[in-house]
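In order, the protein sequence lines correspond to chains A and B. Taking this note's numbering, I'd label the letters of the first sequence as residues 732 to 927. Taking this note's numbering, I'd label the letters of the second sequence as residues 819 to 953.
If you are wondering where the hints come from, they were derived from the structure by calculation, not from laboratory data. Using N, Cα and C, we set each Cβ at its ideal position, and we do this for glycine too. Accuracy of the hints is not assured; some may be wrong.
[Stated by the list, open to error] List time: in silico SDA-like cross-link candidates among lysine to any residue, alpha-carbon distance up to 20 Å: (1) A/Lys-905 / A/Glu-869; (2) A/Lys-912 / B/Phe-834; (3) A/Lys-913 / B/Ile-878; (4) A/Lys-912 / B/Ile-878; (5) A/Lys-913 / A/Glu-898; (6) A/Lys-894 / A/Phe-867; (7) B/Lys-867 / A/Gln-763; (8) B/Lys-867 / B/Ile-878; (9) A/Lys-913 / B/Leu-848; (10) A/Lys-912 / A/Glu-897; (11) A/Lys-894 / B/Ile-878; (12) A/Lys-912 / A/Gly-864; (13) A/Lys-905 / A/Arg-921; (14) B/Lys-867 / A/Asp-752; (15) A/Lys-905 / B/Phe-834; (16) A/Lys-912 / B/Leu-830; (17) A/Lys-894 / B/Ser-841; (18) B/Lys-867 / A/Thr-756; (19) A/Lys-913 / A/Asp-903; (20) A/Lys-913 / A/Phe-882; (21) A/Lys-913 / B/Glu-846; (22) A/Lys-913 / B/Asp-850.
[Claimed, not checked] Here are the in silico distance ranges between beta carbons for each label pair: (23) A/Glu-825 / B/Ala-887: 34 to 42 Å; (24) B/Ile-878 / A/Ser-759: 22 to 30 Å; (25) A/Ser-762 / B/Ser-911: 56 to 64 Å; (26) A/Glu-878 / B/Ser-911: 53 to 61 Å; (27) A/Lys-894 / B/Asp-853: 39 to 47 Å; (28) B/Lys-884 / A/Thr-756: 50 to 58 Å; (29) A/Glu-878 / B/Gly-871: 51 to 59 Å; (30) B/Asp-844 / A/Asp-876: 28 to 36 Å; (31) A/Gln-881 / B/Glu-876: 27 to 35 Å; (32) A/Asp-747 / B/Asp-844: 43 to 51 Å.
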Amino acid sequence: VQDLPDDPDGGDDEADLSSIDDVRTAISALSQADMARLLKMARWFAPRCGELPQDLLQEALTRAWAGQRRCRRGTSAMNFIAGIMRSLTSQELEARRAGTRPELVAEYDDQARSVWGEAVSPEHAVLSRIDDGAVFQEVDAAIADDEQLQFLIEGLCDGMRGKALEEFVGVDTKGLAAARKKLQRRLAARFPERNV
Amino acid sequence: MTSDPKKDRLALIDEFMISEILSMSDAEVLSDVSDAEIEEAQRRFEQAKLAAGRQRFEQIKRQIQKERASGTVVSIDHAKARAELMRILAHDSELRGKLTIAARNLDGSVDEDVEGILEDLAELDADTNNSDEKK
């Protein structure tokens with residue numbers, strides 16, 4: 732999997748970026764399963780900024796579609812949209828910390844007009860408590876009873892990959908795949924689908 | 819192995835989660851997300867696309883109306899404006915389709931329609947210049 736774009740907004744020459752048409756074609760080609768994957772990613776990111784996963788995904792797709800965020804050539808549509816969600820999450824969290832207007836409280840009325848909220852709802856206020864520190868608490872809680880997963884997290888956060896990670900965790904390739912799957916499920920369960 | 823100093827711990831965990839979700843099989847991921855949730859996401863995206871297009875259209879229309887009402891006439895570099903318009907249209911087939919459909923419906927040429935669009939762009943340009951001068 733390629734690295735996610737750190738700054739999908741700019742800093743690249745036009746020639747390094749996919750055209751809006753190409754991005755739209757790629758988004759239009761997303762399958763039901765791809766949309767499910769994006770929703771699972773949105774579930775992971777959204778609680779951190781106090782947003783609902785559906786809102787976050789909608790905003791990311793809309794910005795990608797409108798060309799408000801540009802995609803580097805060679806970056807897949809899935810990674811591109813995931814990068815936008817991550818970027819929006821960071822921006823939203825920073826905006827809330829600074830006490831400025833939330834950016835993502837967008838709703839659509841019957842005429843499909845965008846209605847931007849000016850205030851943080853009680854629900855958003857509660858959810859916004861789940862910030863970076865709280866994410867780490869959830870991660871720690873998810874792996875507290877499993878030494879293997881603790882090694883896996885430590886290795887991942889130390890930038891380990893492949894064989895080095897296998898040796899660090901003390902498993903073979905198959906064992907590492909199983910541990911990664913287990914960790915993903917544990918972490919996903921800490922941010923359940925109540926928000927979708 | 820040392821970690822990438824540009825990436826913090828949370829970013830690495832994010833990448834792990836995304837990587838794992840991307841590697842899930844279709845059957846596996848579809849068992850985690852209901853059809854209703856997927857349909858809702860698709861419906862909302864379609865709605866947002868409509869809203870964005872409508873918003874953009876209304877914005878341009880308002881600017882043109884405002885400029886027409888002011889009666890301002892500003893000369894522009896025609897060749898440069900035309901090249902810029904063609905560049906924009908070349909990168910956005912949807913916009914190209916919308917802007918040239920009137921010409922096709924009226925049995926006119928795309929070139930003629932481009933001329934009409936250029937007139938509107940001239941008015942928008944005047945509006946931008948006026949705004950800049952007021953600053």
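Here is what the structure says about each hint:
no.	hint	verdict
1	A/Lys-905 / A/Glu-869	violated (26 Å)
2	A/Lys-912 / B/Phe-834	holds (10 Å)
3	A/Lys-913 / B/Ile-878	violated (52 Å)
4	A/Lys-912 / B/Ile-878	violated (50 Å)
5	A/Lys-913 / A/Glu-898	holds (18 Å)
6	A/Lys-894 / A/Phe-867	violated (26 Å)
7	B/Lys-867 / A/Gln-763	holds (18 Å)
8	B/Lys-867 / B/Ile-878	holds (17 Å)
9	A/Lys-913 / B/Leu-848	holds (18 Å)
10	A/Lys-912 / A/Glu-897	holds (14 Å)
11	A/Lys-894 / B/Ile-878	violated (56 Å)
12	A/Lys-912 / A/Gly-864	violated (24 Å)
13	A/Lys-905 / A/Arg-921	violated (25 Å)
14	B/Lys-867 / A/Asp-752	holds (14 Å)
15	A/Lys-905 / B/Phe-834	holds (17 Å)
16	A/Lys-912 / B/Leu-830	holds (16 Å)
17	A/Lys-894 / B/Ser-841	holds (19 Å)
18	B/Lys-867 / A/Thr-756	holds (14 Å)
19	A/Lys-913 / A/Asp-903	holds (15 Å)
20	A/Lys-913 / A/Phe-882	holds (13 Å)
21	A/Lys-913 / B/Glu-846	holds (13 Å)
22	A/Lys-913 / B/Asp-850	holds (15 Å)
23	A/Glu-825 / B/Ala-887: 34 to 42 Å	holds (41 Å)
24	B/Ile-878 / A/Ser-759: 22 to 30 Å	holds (24 Å)
25	A/Ser-762 / B/Ser-911: 56 to 64 Å	violated (22 Å)
26	A/Glu-878 / B/Ser-911: 53 to 61 Å	holds (55 Å)
27	A/Lys-894 / B/Asp-853: 39 to 47 Å	holds (40 Å)
28	B/Lys-884 / A/Thr-756: 50 to 58 Å	violated (35 Å)
29	A/Glu-878 / B/Gly-871: 51 to 59 Å	holds (54 Å)
30	B/Asp-844 / A/Asp-876: 28 to 36 Å	holds (31 Å)
31	A/Gln-881 / B/Glu-876: 27 to 35 Å	violated (55 Å)
32	A/Asp-747 / B/Asp-844: 43 to 51 Å	violated (32 Å)
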